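Colleague: Below, each chain spelled out in residue letters.
Number of protein chains: 6
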Amino acid sequence: MKICRRETFNSAHRLFRPEWSDEKNLEVFGKCSYPNYHGHNYALEVWVDGEVNPETGFVIDLKTLKEIIQSEISHRFDHRNLNLDCKEFEGIIPTTENIAIVIWKILRSKIDSKFQIEIHLSETEKNKVVYSGD
Amino acid sequence: MKICRRETFNSAHRLFRPEWSDEKNLEVFGKCSYPNYHGHNYALEVWVDGEVNPETGFVIDLKTLKEIIQSEISHRFDHRNLNLDCKEFEGIIPTTENIAIVIWKILRSKIDSKFQIEIHLSETEKNKVVYSGD
Amino acid sequence: MKICRRETFNSAHRLFRPEWSDEKNLEVFGKCSYPNYHGHNYALEVWVDGEVNPETGFVIDLKTLKEIIQSEISHRFDHRNLNLDCKEFEGIIPTTENIAIVIWKILRSKIDSKFQIEIHLSETEKNKVVYSGD
Amino acid sequence: MKICRRETFNSAHRLFRPEWSDEKNLEVFGKCSYPNYHGHNYALEVWVDGEVNPETGFVIDLKTLKEIIQSEISHRFDHRNLNLDCKEFEGIIPTTENIAIVIWKILRSKIDSKFQIEIHLSETEKNKVVYSGD
Amino acid sequence: MKICRRETFNSAHRLFRPEWSDEKNLEVFGKCSYPNYHGHNYALEVWVDGEVNPETGFVIDLKTLKEIIQSEISHRFDHRNLNLDCKEFEGIIPTTENIAIVIWKILRSKIDSKFQIEIHLSETEKNKVVYSGD
Amino acid sequence: MKICRRETFNSAHRLFRPEWSDEKNLEVFGKCSYPNYHGHNYALEVWVDGEVNPETGFVIDLKTLKEIIQSEISHRFDHRNLNLDCKEFEGIIPTTENIAIVIWKILRSKIDSKFQIEIHLSETEKNKVVYSGD
Chain W
0 MKICRRETFN
10 SAHRLFRPEW
20 SDEKNLEVFG
30 KCSYPNYHGH
40 NYALEVWVDG
50 EVNPETGFVI
60 DLKTLKEIIQ
70 SEISHRFDHR
80 NLNLDCKEFE
90 GIIPTTENIA
100 IVIWKILRSK
110 IDSKFQIEIH
120 LSETEKNKVV
130 YSGD
Chain B
0 MKICRRETFN
10 SAHRLFRPEW
20 SDEKNLEVFG
30 KCSYPNYHGH
40 NYALEVWVDG
50 EVNPETGFVI
60 DLKTLKEIIQ
70 SEISHRFDHR
80 NLNLDCKEFE
90 GIIPTTENIA
100 IVIWKILRSK
110 IDSKFQIEIH
120 LSETEKNKVV
130 YSGD
Chain F
0 MKICRRETFN
10 SAHRLFRPEW
20 SDEKNLEVFG
30 KCSYPNYHGH
40 NYALEVWVDG
50 EVNPETGFVI
60 DLKTLKEIIQ
70 SEISHRFDHR
80 NLNLDCKEFE
90 GIIPTTENIA
100 IVIWKILRSK
110 IDSKFQIEIH
120 LSETEKNKVV
130 YSGD
Chain C
0 MKICRRETFN
10 SAHRLFRPEW
20 SDEKNLEVFG
30 KCSYPNYHGH
40 NYALEVWVDG
50 EVNPETGFVI
60 DLKTLKEIIQ
70 SEISHRFDHR
80 NLNLDCKEFE
90 GIIPTTENIA
100 IVIWKILRSK
110 IDSKFQIEIH
120 LSETEKNKVV
130 YSGD
Chain U
0 MKICRRETFN
10 SAHRLFRPEW
20 SDEKNLEVFG
30 KCSYPNYHGH
40 NYALEVWVDG
50 EVNPETGFVI
60 DLKTLKEIIQ
70 SEISHRFDHR
80 NLNLDCKEFE
90 GIIPTTENIA
100 IVIWKILRSK
110 IDSKFQIEIH
120 LSETEKNKVV
130 YSGD
Chain R
0 MKICRRETFN
10 SAHRLFRPEW
20 SDEKNLEVFG
30 KCSYPNYHGH
40 NYALEVWVDG
50 EVNPETGFVI
60 DLKTLKEIIQ
70 SEISHRFDHR
80 NLNLDCKEFE
90 GIIPTTENIA
100 IVIWKILRSK
110 IDSKFQIEIH
120 LSETEKNKVV
130 YSGD
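Protein chains in written order, with the numbering used here: chain W, 0 to 133; chain B, 0 to 133; chain F, 0 to 133; chain C, 0 to 133; chain U, 0 to 133; chain R, 0 to 133.
Okay, chain W solo, but in the shape it has when bound:
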């Protein structure tokens, strides 16, 4: 049984590699490399896979899951610049893929290891990633 909780956060970011020239960055990352940042409404679904507890009928208490996601992810990244404000992205280009990996790692250390977890993250109405760990 898999269960998910959805939360959103709004952040600025920019895709670029500091060791590359501006031309190379523009060639690889297109307008996502523009120097003054742009931003997105990220929509995050955290999926938790486990057994149903016969006493409560819950896989996991969604109130607890919501509080973990909010304190660890959405309150941390909401209204922030992922490149400048968030040490979690030091040395990491904040592509949707990499944001999903960062979120997975943070939550993996906060959610009981008896549960498998999967991150669904959409950057726009047209782009989405799914990451379920290495």
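There's no promise every hint is true.
What the hints assert, rightly or not - Calculated pairs, DSS-like style, for lysine-lysine (alpha carbon to alpha carbon, straight line, at most 25 Å):
| id | chain 1 | residue 1 | chain 2 | residue 2 |
| --- | --- | --- | --- | --- |
| 1 | B | Lys109 | C | Lys125 |
| 2 | R | Lys23 | F | Lys62 |
| 3 | B | Lys65 | C | Lys109 |
| 4 | R | Lys30 | W | Lys86 |
| 5 | U | Lys23 | R | Lys62 |
| 6 | F | Lys125 | B | Lys62 |
| 7 | C | Lys23 | W | Lys125 |
| 8 | U | Lys65 | B | Lys62 |
| 9 | W | Lys125 | C | Lys113 |
| 10 | F | Lys125 | R | Lys125 |
| 11 | W | Lys1 | B | Lys109 |
| 12 | B | Lys23 | W | Lys62 |
| 13 | F | Lys65 | R | Lys125 |
| 14 | R | Lys125 | B | Lys30 |
| 15 | C | Lys1 | W | Lys104 |
| 16 | U | Lys30 | C | Lys65 |
| 17 | R | Lys30 | F | Lys62 |
| 18 | F | Lys65 | W | Lys62 |
| 19 | R | Lys125 | F | Lys1 |
| 20 | W | Lys65 | R | Lys125 |
Just so you know, the hints here were simulated from the structure itself, not pulled from any lab data. No experiment lies behind these values; they were computed from the predicted model shown.
Chain W is fixed; fit chains B, F, C, U and R onto it per the hints.
Modeller: Leaving out everything else, chains B, F, C, U and R in the frame of chain W:
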């Protein structure tokens, strides 16, 4: 090849265990345990996994699938109180997880066993479960 | 300039007139009159119409508007039975129309009268009302 | 890591087998067999499964993926009659299942074989298929 | 008080004027003029504006409204070719604007004239019209 | 008859008044005033109100409207920092209200004055404004 049909139903429910005190129920189930019930617009996707029939180009006739879902699930639970009106939930706390299991069991007995089936059930815009059988 | 804030709440209700027979109630209200209640995920948009404040660029501070809607409406009605738990519906059949009127009256007394307000309330994906006052 | 890009196209189609009588077609395909065609807004998600490139933080460049989907699929089928205009459906009944298979085959030959691909195709708000190859 | 009911229908159509050349049609209507038709999932909202009946709490019985919309509009146009199958469009180019006018006229004759009615019709996720009569 | 076209753009912004202290900015604008910007997926609907042209069945050619919106608005603001990159916001705090006014003014000068125009702009799933001119 997997194919799904989406249907909705609107029901009242309440989460509580009769052998627990009101305080314990409130502690575990929060406002979902309030005594006079609340309700949701449940959105159900029934996914059927099988081979494409080369004659029709269908995995399963969606008209038939729709009729099964409506007669067995949505007409049965729509505008009903899951705790009081539905014998399927006698002794079962109607969490989203348990509702998905009940739906899976009903449909499993009505849909040809050559198909695998998977239940996607959302309770609100923020909560969803997936159940594919035991 | 009109601006809106969206909030949701999940409630149980039932449509019936106590002075009518069960048959008459069933005839008029259909399955919405079933005795043990059913429920919905109500989605509420509160639209506020006014001038843009040249200092802030805001018609109204959305944080303030959100707090008013949550304390006055969504926290009051969420996970409640509108017929049994909410004195605001004493003697009032909780149709979507009447819920919108009740919400409009509560908010009208809490939001500065220099603003016009309009209530958009959806009961399901298929039904919606708009009420802008008498 | 899986990543998707969503595109849409609007086409006409009709379900029928030429070697069957009109009665048999109507019996099997219902109103989808009406002779003068009807149509849909198809929503396509192409999911690509692969490793994250450590240099770019991308599984695949979404700009490239978008261009492949548009040139190979959406520009080809948009505003077309799948039965009459598209040689890809010669001898193939354009059910949602078969359209997904045709799309998968076209994209499989255009996307690097180191990636697995999965097609999610919705025909209406209520019907959707997923195909990940044979 | 305004209330709406949403229904959908899936049709084929083509935009062209028979007295114009193919070149002129292509120039004015673009790919919407392609000869073999294309199609859409039309989403229709019928808004009814009137007083709340103090006995029922309804502006209009939504069950009745639904039945009118289904019998007069969605069952009539669903899975049909608007140009070839529907006499309502004889001599009328089935643009979204004109479809909304046709729907408005049909419903105006079926819904009590004490109500104002407004048609909201979307052809795709990106295009929508509103028509409230002449 | 009103018709709309929807487009989206993704931008970074920050709400603050340079003549105010950081404390005052934080008090008035909350986390929207954080110094390193955040961002949104803006969804824009441009509504055009006018007569239906009897020759074409169009109020306005949506292809033309799309091109105006893209060249004048979405290509201009997409992947940009509204505060730093866009001279249209010099001296203007980029609240949703003010962005809608700026868009209205740009489009008002590009769309034939026989049409009334109305801007619907959403910043998140919860916040939206409507502006129809002064």
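Colleague: Work down the list of hints and note, for each, if the structure agrees.
Modeller: To see whether the hints hold, each was checked on the structure:
| no. | hint | verdict |
| --- | --- | --- |
| 1 | B:Lys109 - C:Lys125 | holds, 20 Å |
| 2 | R:Lys23 - F:Lys62 | holds, 16 Å |
| 3 | B:Lys65 - C:Lys109 | violated, 36 Å |
| 4 | R:Lys30 - W:Lys86 | holds, 18 Å |
| 5 | U:Lys23 - R:Lys62 | holds, 16 Å |
| 6 | F:Lys125 - B:Lys62 | holds, 21 Å |
| 7 | C:Lys23 - W:Lys125 | violated, 40 Å |
| 8 | U:Lys65 - B:Lys62 | holds, 21 Å |
| 9 | W:Lys125 - C:Lys113 | holds, 23 Å |
| 10 | F:Lys125 - R:Lys125 | holds, 20 Å |
| 11 | W:Lys1 - B:Lys109 | holds, 23 Å |
| 12 | B:Lys23 - W:Lys62 | holds, 16 Å |
| 13 | F:Lys65 - R:Lys125 | holds, 10 Å |
| 14 | R:Lys125 - B:Lys30 | holds, 24 Å |
| 15 | C:Lys1 - W:Lys104 | holds, 17 Å |
| 16 | U:Lys30 - C:Lys65 | holds, 21 Å |
| 17 | R:Lys30 - F:Lys62 | holds, 11 Å |
| 18 | F:Lys65 - W:Lys62 | holds, 21 Å |
| 19 | R:Lys125 - F:Lys1 | holds, 14 Å |
| 20 | W:Lys65 - R:Lys125 | holds, 19 Å |
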